[in-house]
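Enquirer: Protein chains in written order, with the working numbering: chain A, 1 to 273; chain B, 1 to 273.
Just to be clear, a hint being listed does not mean it is correct.
For chains that are exact copies, the list does not tell them apart, and a pair is met inside one copy or across any two.
[As the list claims (entries may be wrong)] Okay, derived cross-link-like pairs now, DSSO-like style, lysine-lysine, Cα gap no bigger than 27 Å in a straight line: (1) K203 with K45; (2) K99 with K45; (3) K171 with K45; (4) K171 with K232; (5) K231 with K164; (6) K232 with K164; (7) K203 with K232; (8) K164 with K99; (9) K45 with K231; (10) K174 with K45; (11) K99 with K171; (12) K45 with K164; (13) K171 with K241; (14) K232 with K45; (15) K164 with K23; (16) K241 with K174.
The set of hints was computed from the structure by calculation and includes no laboratory data.
Protein chains: 2
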Amino acid sequence: MLTLYCFGPGANSLKPLLTLYEKGLEFTRRQLNPAAFEHHEDWFKRINPNGQVPVLDHDGRIITESTVICEYLEDAFPDTPRLRPDDPYVRAQMRIWTKWVDEYFCWCVSTIGWERMVSRMARQYTDEEFEAYVRRIPLHEQQVKWRRARAGFPQEMLEEEMRKIAYSVRKLEKRLAESPWLAGHEYTLADICNFAIANGMEKGFAELVNERDTPHLIDWVRRINERPAAKKMFAETPREKLERPGQPAPPAGTAQTAHAEHAAPAQPAARSA
Amino acid sequence: MLTLYCFGPGANSLKPLLTLYEKGLEFTRRQLNPAAFEHHEDWFKRINPNGQVPVLDHDGRIITESTVICEYLEDAFPDTPRLRPDDPYVRAQMRIWTKWVDEYFCWCVSTIGWERMVSRMARQYTDEEFEAYVRRIPLHEQQVKWRRARAGFPQEMLEEEMRKIAYSVRKLEKRLAESPWLAGHEYTLADICNFAIANGMEKGFAELVNERDTPHLIDWVRRINERPAAKKMFAETPREKLERPGQPAPPAGTAQTAHAEHAAPAQPAARSA
């Protein structure tokens, strides 16, 4: 039996979610609420001591780290549709891209996403409530990130992250201008893992991602969104609300559109949550 | 035919070097001189536009990124000794460790290594000479790192990196107290990739890595150093000299011992060079 502990269909949670849908694997989704800091509760830290989603439970064996989970699904279910090339060279190209998103692209987009969305949520708590939640976070770096989100990230950091995002967008556009998919001619985990961060950037970073400047990137995002597995995943997986539980919902008329509901900048990067 | 472009047997260059030796694969070593910024020369940037080692050339196909190269060698040469577990769960544990060293452990050790060793080398050039070299570096982040190395890293950054190193050492010790190898009962790429950074820390970070505080980590480093492949690699692969080419060698009596010659803190992390 497969159980996936995750947030909504964005950022790092999207990676194993879309991989499971693409492979047609039956699984139970156990969706946590980041606004209630549910991933830092003791019951969940017994599953992943780092207090991070996504986590895969496969017959009682626990696998952490979104990209590792995706490769695990390839290793454990070789008879389902393949998202990893057979050719060792093309497979290496795939891994260069999954590594790059984990080490570079996801972090800059995540900081801006946190500044825009998580900061507001974090400010809905009193100082005392917030500190009580932060003390439960196992990883030092994540405690720092939550405190920064509440206080507001330093301007210098936001500018550096925006520079990195612009660089990332140019890098993706350049690659997708020469090749239909990131690793080459096949749709692979490289596409899924980068789509997890890039999806929705046309809305959240319209000055960088648009038909004029990045036509190939936009076409690639569209092609992935149109895949039956992606459509099914978005239809079946609710996006989390970044509101303090029990708080009144935003006034009518401010609800986001269906597209915006899985916009990348509105999602905290799950690994960093 | 296999050609490996690399620095000496430390940090990221050690990963594919030791993997090649463990697998008994014939290869040509093309060792670059970091003190001459050889990896930023045009001929090398035509091989890897990022200007980073290690790089593997396999019959004209170029594979970059040290950890990706190691997995590639497993994929491309399945009939050589295996360094990747067959069991998908254990393989995932291996990947959690190779990912962690790339995203966390290597960076903190690298900064301290640069502060101690690369800084001195960078100061052997005039301002003008140095800036001419730095301008050839393709990656912005690496330009910043070289300039910081020359100016001296900010104290706050050094303290934060030392905190991360202490955390990393405790994490490795805890794991190695419960398991002979990082991924479990088998020696895998997880051990090779973490050894690449941890080897020599008993000398460079003696206050953290010592018989009393980290007996299991020390035993693990010793066990890897005693493997025939590691002995052969260290015997055959000269360590680079971090001296400006043409500069006088250090005075007699200051030469490092054989052990110190592959000490981690004395090595720049290749990916970051």
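Enquirer: Compare the structure with each hint and give your call.
Expert: Verification of the hints:
Taking identical chains as interchangeable, the C-alpha atoms of K203 and K45 are never at most 27 Å apart, the minima being 34 Å within one chain and 35 Å between chains. Within a single copy, K99 and K45 get their C-alpha atoms as close as 26 Å, and across copies as close as 21 Å, so both meet the 27 Å cut-off. Taking the shortest alpha-carbon separations for K171 and K45, only the inter-copy value of 17 Å comes in at or below 27 Å, while the best intra-copy value is 37 Å. Within a single copy, K171 and K232 get their C-alpha atoms no closer than 29 Å, and across copies no closer than 40 Å, so neither meets the 27 Å cut-off.
Taking the shortest alpha-carbon separations for K231 and K164, neither the intra-copy value of 30 Å nor the inter-copy value of 41 Å comes in at or below 27 Å. For the homomeric pair K232 and K164, neither the shortest alpha-carbon distance inside one copy (32 Å) nor that between copies (41 Å) is at most 27 Å. Taking the shortest Cα distances, K203 and K232 sit within 27 Å of each other inside one copy (22 Å), while across copies they are farther apart (55 Å). Taking CA atoms no more than 27 Å apart as the test, K164 paired with K99 passes in both settings, with 16 Å inside one copy and 21 Å between copies.
Taking identical chains as interchangeable, the C-alpha atoms of K45 and K231 are never at most 27 Å apart, the minima being 32 Å within one chain and 41 Å between chains. Taking the closest pair of Cα atoms, K174 and K45 come within 27 Å of each other only across two copies (18 Å); inside a single copy the shortest separation is 41 Å, beyond that limit. When the C-alpha separation of K99 and K171 is checked against a cutoff of 27 Å, the pair qualifies both within a copy, at 14 Å, and between copies, at 22 Å. For a Cα distance limit of 27 Å, the shortest separation of K45 from K164 across copies, 21 Å, qualifies, whereas the shortest one inside one copy, 32 Å, does not.
In this assembly of identical chains, K171 and K241 lie within 27 Å of each other by CA distance neither inside one copy nor across copies; the values are 31 Å within and 34 Å between. Taking the closest pair of Cα atoms, K232 and K45 never come within 27 Å of each other, the shortest separation being 30 Å inside a single copy and 43 Å across copies. In this homomeric assembly, K164 and K23 never come within 27 Å of each other (Cα to Cα): the closest approach is 32 Å inside a single copy and 38 Å across copies. In this homomeric assembly, K241 and K174 never come within 27 Å of each other (Cα to Cα): the closest approach is 34 Å inside a single copy and 38 Å across copies.
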